[in-house]
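2 protein chains.
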Amino acid sequence: MKPKASSEHEDQVGKAGGKITPRAEDYPQWYQDVIREAEMAEPAKVVKGCMVIKPHGYAVWEKIQRELDGRFKATGHKNAYFPLLIPQSFITKEAEHVEGFAPELAVVTHAGGEKLDEPYVIRPTSETVIGYFFSRWVDSYRDLPLLMNQWANVMRWEKRTRMFLRTTEFLWQEGHTAHANHQEAQEEVQRMLGVYGDFAEEVMAMPVIRGVKTESEKFAGALQSSCIEAMMQDGKALQAGTSHDLGQNFGKAFNVQFQTQAGNREYVWQTSWGVSTRLIGGLIMTHADDAGLVLPPRLAPIHVVIVPIFRSDDERSRVMAAAERIKAELVDIDISPPRARYRDFLEVVIDDRDMKPGAKFYDWERRGVPVRVELGPKDLEKDQVCVKMRVDSEAGKGKEFIPQAQFIATIRERLAKFQDALLAAARARLAARSVELNTWDEFLKTFAGEQSSFAWCHWDGTRETEARIKEQTRATIRCIPLPGQGPAPEPGQCIVTGKPSAQRVLIARAY
Amino acid sequence: MKPKASSEHEDQVGKAGGKITPRAEDYPQWYQDVIREAEMAEPAKVVKGCMVIKPHGYAVWEKIQRELDGRFKATGHKNAYFPLLIPQSFITKEAEHVEGFAPELAVVTHAGGEKLDEPYVIRPTSETVIGYFFSRWVDSYRDLPLLMNQWANVMRWEKRTRMFLRTTEFLWQEGHTAHANHQEAQEEVQRMLGVYGDFAEEVMAMPVIRGVKTESEKFAGALQSSCIEAMMQDGKALQAGTSHDLGQNFGKAFNVQFQTQAGNREYVWQTSWGVSTRLIGGLIMTHADDAGLVLPPRLAPIHVVIVPIFRSDDERSRVMAAAERIKAELVDIDISPPRARYRDFLEVVIDDRDMKPGAKFYDWERRGVPVRVELGPKDLEKDQVCVKMRVDSEAGKGKEFIPQAQFIATIRERLAKFQDALLAAARARLAARSVELNTWDEFLKTFAGEQSSFAWCHWDGTRETEARIKEQTRATIRCIPLPGQGPAPEPGQCIVTGKPSAQRVLIARAY
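Which chain is which? The protein sequence lines are A and B, in order.
Mapping of the first sequence onto numbering that gives the first Met the number 0: residues 0 to 510, in sequence order.
Mapping of the second sequence onto numbering that gives the first Met the number 0: residues 0 to 510, in sequence order.
Hints listed in this document are in silico derivations from the structure and should not be mistaken for laboratory results.
No incorrect hints appear here.
Below, in silico cross-link-like pairs of lysine-lysine (DSSO-like), each with a Cα-Cα straight-line distance of 30 Å or less:
no. : chain 1 : residue 1 : chain 2 : residue 2
1   : A       : 77        : B       : 72
2   : A       : 359       : B       : 77
3   : A       : 326       : A       : 398
4   : B       : 77        : A       : 72
5   : B       : 359       : A       : 72
6   : B       : 62        : A       : 77
7   : A       : 77        : B       : 387
8   : A       : 114       : B       : 158
9   : A       : 14        : B       : 92
10  : B       : 326       : A       : 72
11  : B       : 44        : A       : 251
12  : B       : 114       : A       : 114
13  : B       : 14        : A       : 251
14  : A       : 77        : B       : 18
15  : B       : 92        : B       : 158
16  : B       : 77        : A       : 326
17  : A       : 77        : B       : 326
18  : A       : 114       : B       : 92
19  : A       : 44        : B       : 72
20  : A       : 44        : B       : 77
21  : A       : 72        : B       : 387
22  : A       : 387       : B       : 77
23  : B       : 114       : A       : 44
24  : A       : 92        : B       : 14
25  : B       : 44        : A       : 92
26  : A       : 158       : B       : 114
27  : A       : 72        : B       : 62
28  : B       : 92        : A       : 44
Label pairs and their calculated CB-CB ranges:
no. : chain 1 : residue 1 : chain 2 : residue 2 : range
29  : A       : 142       : B       : 330       : 25 to 31 Å
30  : B       : 357       : A       : 116       : 44 to 50 Å
31  : A       : 328       : B       : 260       : 34 to 40 Å
32  : A       : 142       : B       : 437       : 55 to 61 Å
33  : B       : 114       : A       : 190       : 39 to 45 Å
34  : A       : 355       : B       : 328       : 56 to 62 Å
35  : A       : 415       : B       : 328       : 29 to 35 Å
36  : B       : 404       : A       : 415       : 38 to 44 Å
37  : A       : 260       : B       : 404       : 42 to 48 Å
Only part of the chain B face toward chain A is listed, based on derived beta-carbon distances under 10 Å:
no. : residue
38  : 46
39  : 51
40  : 78
Predicted, not measured: the structure shown is a model, and the values here were computed from it.
Glycine included, C-beta positions come from ideal geometry on N, C-alpha and C.
The whole structure should be built from the sequences, with the hints applied where relevant.
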C-alpha cells in the first residue's frame with residue numbers, strides 16, 4: 000500500500016565530526032551525513048530499523064508537538080491514551096485493514112513468563128482498539144462528535160528503513176473522531192488536513208500540495224484518504240500528513256452504534272489523521288544544505304550562537320563580559336505567538352570552548368542555528384556586533400556589522416524574515432520543479448534514472464494505468480489536488496492511454 | 000522486589016453516573032468509583048492489566064509533565080528518545096537487573112511475518128538499552144556528565160493491577176545520567192530527588208518523606224535507591240518517585256568507559272530516576288473525598304465552572320449574557336508561574352446543559368473543579384456572584400456572595416489559598432497519622448487488620464528482621480529518612496529484636 004524507500008543506502012552509524020557529502024554528489028548520503036553531523040538521531044542497529052532520537056532532534060520534535068497540540072485543542076480535540084498492545088483478533092475485524100497491516104506487525108506471544116492465549120500486536124495504528132472503546136462510550140447522538148487525539152509510539156516492521164522517513168518504531172499523533180453523519184466526518188477530514196497544511200507552511204516553512212489519494216494509495220480501511228505532499232530538494236515527494244474518511248468501516252467492525260435524534264440506531268462515521276517524526280525528515284530535506292542543517296526559527300532549539308573572539312586574557316574577559324550582557328538581553332525576548340499555550344524565549348548559546356572560531360562556525364552551521372553573532376575587541380571599540388545568518392537572503396547577506404543600539408531590534412526582524420525567506424525559497428523550488436507533462440515521452444525523460452519532479456499529468460482514473468506508471472518509472476500518483484492546489488482543472492487526455500481526463504493529478508517519485 | 004497491591008478489588012468497568020462508595024465503607028471501591036465518576040480512566044480489560052487514560056485524566060498528566068519537564072531542563076537535562084524494544088540478551092547483562100525484571104517481561108517473538116532470531120522485550124525500564132548507547136557516546140571525561148531524560152511508555156507484566164497505581168503499561172519519565180565520579184552521581188541522585196519532592200509539595204500539594212530504600216527494596220541493579228513516600232488517606236504509603244545511584248553496575252555491564260583527565264580508562268558512574276502516571280493515583284488518594292475528585296488548582300484542567308440559574312427564557316438570556324461576560328474576564332487571567340515555559344490561563348466552563356442545577360453541582364464536584372460560580376437573576380440584581388469552593392477551608396466556607404467588582408481578585412486569591420489549604424490539610428493528616436512505636440505489641444495493634452499508619456520505629460538493620468516484619472504484618476520499611484525527614488536521630492532498640500539501632504525508619508503498608 001505504501002511506497003518503499005528507493006535508495007540503496009542503509010542507515011549508517013558514525014560519530015559526528017566527519018564530512019558532509021555534497022547533495023549533487025550523493026543525495027541519500029548527504030541526508031545521512033546531515034543527521035549525523037547535526038546529532039539529530041542515529042540508527043539503533045541493535046533494534047532492527049529503529050533509531051535513537053538524540054537531544055537536538057528531539058527538541059525539534061517537541062516544538063512540532065506543542066504547536067500542533069495547540070492547534071488540535073483549538074479545534075476542540077482532547078488528548079487521551081490508549082493501550083500499546085492490541086489483541087491480534089482486533090486487527091482482522093476490518094478486511095482491508097488487516098490486508099494492509101498484517102505483513103508489518105510485531106507480535107507479543109509471551110508475557111510474565113507464560114505463553115499468551117491470544118497474542119497481542121504492538122499498535123501499527125490504533126483505529127481498531129479505539130473503535131472498540133468508542134463502542135463503549137457512544138450510545139446516543141448526544142455523545143457525538145467524539146474528538147480525540149493521542150501522542151504515541153507505533154511500530155511497523157518495514158524492510159527498508161531510513162532515519163525519520165521510515166523507521167520500524169516512530170513517534171506520531173493520531174486523531175480519532177466519531178460523528179453522527181458523513182458530512183460532519185468529511186468536514187473534520189478537511190479541517191484537520193487544513194491544520195496540517197497551515198502548520199507545514201507557517202511553522203515548518205515547507206509548502207505542501209493538499210489533495211486526495213487514489214484508491215490504491217489510500218489508508219487500509221478508509222473510504223478516502225486526503226494528504227499533504229511536500230517536495231524535497233531532489234524533486235521527490237514526501238507524504239507529510241494524512242487525514243482519512245473512514246466512513247462506517249470501523250463503526251461496523253467494532254459495532255459503534257448510536258441512537259439518532261429520530262430514535263434509530265446507526266453506525267458512527269469516523270475519521271483518523273496523523274503526522275509523525277517523518278516531518279523532521281521533511282524539514283531536513285526542505286531546508287538543509289551542503290553545510291548541514293538549516294532550521295526555521297519557529298522550530299529551532301537554539302536561535303542565536305555567540306562566538307567570542309579574542310587573543311589575550313584581557314581581551315577574553317572584556318569580550319566574554321559583553322557576550323554575557325548581550326545574551327542576557329536576548330534571552331528575555333519573548334517570541335511566543337499570541338495566546339500560545341507555550342512561552343518561547345530566544346535560546347542563546349555562548350560558545351566559549353577552547354577551539355578556533357572557524358571550527359565553531361562550522362559546528363553551529365551544521366546544527367542549523369539561524370543566527371551567528373561574532374564578537375571581538377574591535378566590535379566592542381566600535382559599539383557594534385557582527386551578525387551572520389545561517390542562509391544568505393535579502394534580509395541578511397554575508398557578515399553584517401550592526402550598531403549595538405539596533406542589535407536587539409535587528410535580531411528580531413532578521414529571525415522573522417529568515418522564517419519567511421525559507422518558505423519563499425522552498426516555494427520557488429517547488430514552482431521551478433513543477434511541470435505539466437502531456438506525452439509519455441516527456442514523462443519518461445522527466446523520470447529518467449533517479450530523477451523526479453512534480454509532474455502534473457492527465458490520468459484516465461484507472462487502477463491499471465496507475466500501476467503501469469509505477470511499474471515503468473517507480474513514480475506514483477501522489478494525489479488528486481484539491482481546488483487551488485494544482486493547475487486549474489481543464490479536460491485532457493491520459494498521458495498513458497490517451498483516454499479522457501477531467502483534471503491533472505500530481506505524479507512524482509516519493510520517499 | 001516491589002510490594003503488591005493488597006486489595007481484593009480488581010479494576011471494574013462501568014459507566015459514569017453511578018454512586019461513589021464512601022471511604023469509610025470500602026476504601027478501594029471508593030478509589031475506583033472516583034476514577035470512574037470523574038472519567039479519569041477506565042480498565043482496558045481486552046488488554047490485560049492496561050487502562051485507557053481518558054481526557055480528564057490525561058489533561059492532569061499533561062500538566063504534571065510540562066511542570067516536571069521544565070524542572071528537568073532547568074537542572075540541565077535534555078530529552079531524547081530510545082527504542083521501545085530491547086534485545087532480550089541486554090536484560091541479562093546485569094545480574095540483579097535480570098532477576099528483578101525477568102518475571103515481568105512482555106516478549107516480541109515474531110515480526111514482519113517471521114520468527115525473530117533473537118526475541119525483543121518491551122522496555123520495562125531503559126537502563127540496559129541506554130547503557131548500550133552511552134557506551135557509543137562516551138569516550139572522554141569531556142563527554143561527561145551526560146544528562147538525559149525520556150518521556151515514554153513502559154511495560155511490566157504485573158499479576159495484580161490497579162488503575163494508575165500499577166498497570167502493565169504505564170507512562171513515565173526516566174532520567175539517565177553518566178558522571179565521571181561517584182560523588183557527582185550521588186549529588187545528581189539527591190538533586191533529582193529534591194526536584195521530585197518539591198514538585199510533589201508545591202504542585203501536587205502532596206507532602207512526602209524523602210529517604211533511602213533498604214537493600215531488599217532497592218531498584219534491581221542499583222547500588223542504592225532514594226525515594227519519596229507519600230501518605231494516602233487510609234494511612235498507607237505510596238512510593239511516588241525514585242532516584243537511583245547505579246554505581247558502575249551498568250557501566251560495567253555495557254562497557255561504558257571514558258578516558259579520565261589523568262589519562263586512565265574508567266567506567267562511568269550512572270544514575271536513573273523516574274516518576275509515572277502513578278502520581279495521579281497518589282493525587283486522588285491524597286485529596287479526593289466522598290463527593291469525588293479534588294484537584295489542586297495547579298493541576299486542574301478546569302478551574303472554574305459557571306452554573307447559570309434561571310426559570311424563564313428572559314432570565315436565561317440575561318443570566319447567560321452575564322455568565323459569558325464573567326467567563327471572558329476570567330479566561331484572560333494568566334496564572335503561569337514566572338518564566339515557566341508554558342502559559343496557563345484560567346480554564347472556565349459555562350454549564351448550560353438542560354439539567355437541574357443540583358445535578359450540575361454534583362457533576363462538577365465529582366470532577367474536582369476547584370471553584371463553582373452560581374449565577375441567577377437575584378445575583379444580577381445585587382451585582383454579586385455566588386462562589387463555592389470544592390472543599391471548605393479557612394479561605395472559603397460554604398456559599399459566599401462576592402460583589403461583582405471584587406470577583407476577579409477574589410477568584411485569584413481563593414485559588415492560591417485553595418492550593419495552600421490542600422497542602423496544609425494533607426500535612427495535618429500526615430502528622431496526625433504518624434506515630435513513634437517502641438514495642439512489637441504497639442506495632443501489631445497499629446497494623447491490625449488492613450490498618451496502616453506511618454510508623455517510625457527502630458530497626459536493627461538486618462534483612463531478616465525486615466522480612467519478619469513484612470511476613471507478619473505486610474508492612475514494609477518504606478525508607479530510612481534523610482536528615483530532617485523523620486524524628487531526630489537518637490539511638491534505640493530494634494522493635495523486633497531489641498538490638499541496637501541508630502535511628503528510626505519509616506514503616507507502613509504500601510500500594
